[in-house]
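Student: Take the given structure of chain A and dock chain B to it, following the hints.
2 protein chains.
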Amino acid sequence: MKKAVVLVSGGLDSAVVLAMAKADGFQVYALSFAYGQRHHVELDAAKKVVAKHGASEHKIVNLDMRAIGGSCLTDDIKVPKDRVSMDRDQTDQAHAVPVTYVPARNTIFLSFALAYAEVIGSFDIFYGANAVDFSDYPDCRPDYIQAFQNLAALATKAVPGKSFHIHAPLIYLTKAEIIQAGNRLGVDFSLTHSCYDPVGDLACGHCDSCLFRRRGFLEANIEDPTHYF
Amino acid sequence: MKKAVVLVSGGLDSAVVLAMAKADGFQVYALSFAYGQRHHVELDAAKKVVAKHGASEHKIVNLDMRAIGGSCLTDDIKVPKDRVSMDRDQTDQAHAVPVTYVPARNTIFLSFALAYAEVIGSFDIFYGANAVDFSDYPDCRPDYIQAFQNLAALATKAVPGKSFHIHAPLIYLTKAEIIQAGNRLGVDFSLTHSCYDPVGDLACGHCDSCLFRRRGFLEANIEDPTHYF
Chain A
1 MKKAVVLVSG GLDSAVVLAM AKADGFQVYA LSFAYGQRHH VELDAAKKVV
51 AKHGASEHKI VNLDMRAIGG SCLTDDIKVP KDRVSMDRDQ TDQAHAVPVT
101 YVPARNTIFL SFALAYAEVI GSFDIFYGAN AVDFSDYPDC RPDYIQAFQN
151 LAALATKAVP GKSFHIHAPL IYLTKAEIIQ AGNRLGVDFS LTHSCYDPVG
201 DLACGHCDSC LFRRRGFLEA NIEDPTHYF
Chain B
1 MKKAVVLVSG GLDSAVVLAM AKADGFQVYA LSFAYGQRHH VELDAAKKVV
51 AKHGASEHKI VNLDMRAIGG SCLTDDIKVP KDRVSMDRDQ TDQAHAVPVT
101 YVPARNTIFL SFALAYAEVI GSFDIFYGAN AVDFSDYPDC RPDYIQAFQN
151 LAALATKAVP GKSFHIHAPL IYLTKAEIIQ AGNRLGVDFS LTHSCYDPVG
201 DLACGHCDSC LFRRRGFLEA NIEDPTHYF
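If you're matching them up, the sequences are chains A and B in order. Number 83 in this note's numbering belongs to position 83 of the first sequence; there are no gaps in the numbering. Number 39 in this note's numbering belongs to position 39 of the second sequence; there are no gaps in the numbering.
Hints listed in this document are in silico derivations from the structure and should not be mistaken for laboratory results. Here the structure is a predicted model, which means the values were calculated and not measured. Every clue listed holds true.
With a Cα cut of at most 35 Å, we get these calculated DSBU-like pairs of lysine-lysine:
hint, chain 1, residue 1, chain 2, residue 2
1, B, Lys48, A, Lys59
2, B, Lys59, A, Lys78
3, A, Lys157, B, Lys162
4, B, Lys48, A, Lys157
5, B, Lys59, A, Lys59
6, B, Lys3, B, Lys157
7, B, Lys157, A, Lys59
8, B, Lys59, A, Lys48
9, B, Lys157, A, Lys48
10, A, Lys157, B, Lys47
So here's chain A without its partners, still in its complex pose (with noise of 0.2 Å):
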């Protein structure tokens, strides 16, 4: 069975991936990160998420990234709120990156996630970037992850025949796809957690990524089992 290292945030995207390389075949070794987050409620999703779905090995990797900051999602800066319409195409939004993107945050992920790989054996390493609803993310882009797999070939021990691919299975899927396809696999979305401004343990309902998700279930014309504020 081929290893594939899996990055798992907690959220909604990164369970279907998760569900779609065990469907795949491939023998699971999840990566989740404790990097500063405002909260913690992400990091338990991610750790349901992993034992429902069931890995050969869940390392949870502590950086500090508030020691860098530059994002609400680290620093003390207000979440934007109810940017997204419900409604598709009256979504007018700014094509600008936003203040929930973490600088460089998925290139550190992903070398991680390489340095994971190289210490197990892996060439193929997996995670939800979405060219879809996060277009303004410059690190979810179809060409930023060729850009790093090529990075990938030669930041490693070379081994005759292997090279690495990273799998973004979600890049095209809107987010009603993606639920969809996670119904299919058996994700229990009540597990995740997309909220970047939780109150307690309930999500906000109103910022980028908890609308991105409601309007997902909406066109999906699936339940979404999330507790709203």
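Tutor: Below, chain B alone, put in the same frame as chain A:
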């Protein structure tokens, strides 16, 4: 004055890189990591080097690379000794990646440097990669650096007319040439620390890093201020 992020490990090479960045007229933002090294002598040296040469800021980021492991520098694996001859022509190192290689370490470090650069608005990152003495480390090769530069362009918020430059000014220099350059730039080598396996505050004198350093000072005909065990 242009800003540059400089990776400072506490070793001889990165001290010279820091001096070069300053000589090139950059305003320096130094970056070091507490990454689960086996010892803290290295980080203490980084602080002294930055204090000597001056920097606008010195960030030390905590990250737990022991969680990933895979190297004698983070795990409890014995550091190999006496593998490097004092006579360069007699050196017959096997061309294999040594156990002192930390999987994807430079990729992780450069990713943090990229995050830091993005936050402070810098497009220049300096690091002490060397393809001469450390030719067997995959992430010290020129084509790796080019691949990281390509990634950086795609990984971050685009700024019109700006692109990242990964500077590796030591890449083609021998250790002796690095020492000579540092000497001209006023680097105080007594502050730096290269040993992989120090005995208290003393360098072991026999690991690859100590041996390259010792040979470098010999070849440069400059007195080695290091205290060896």
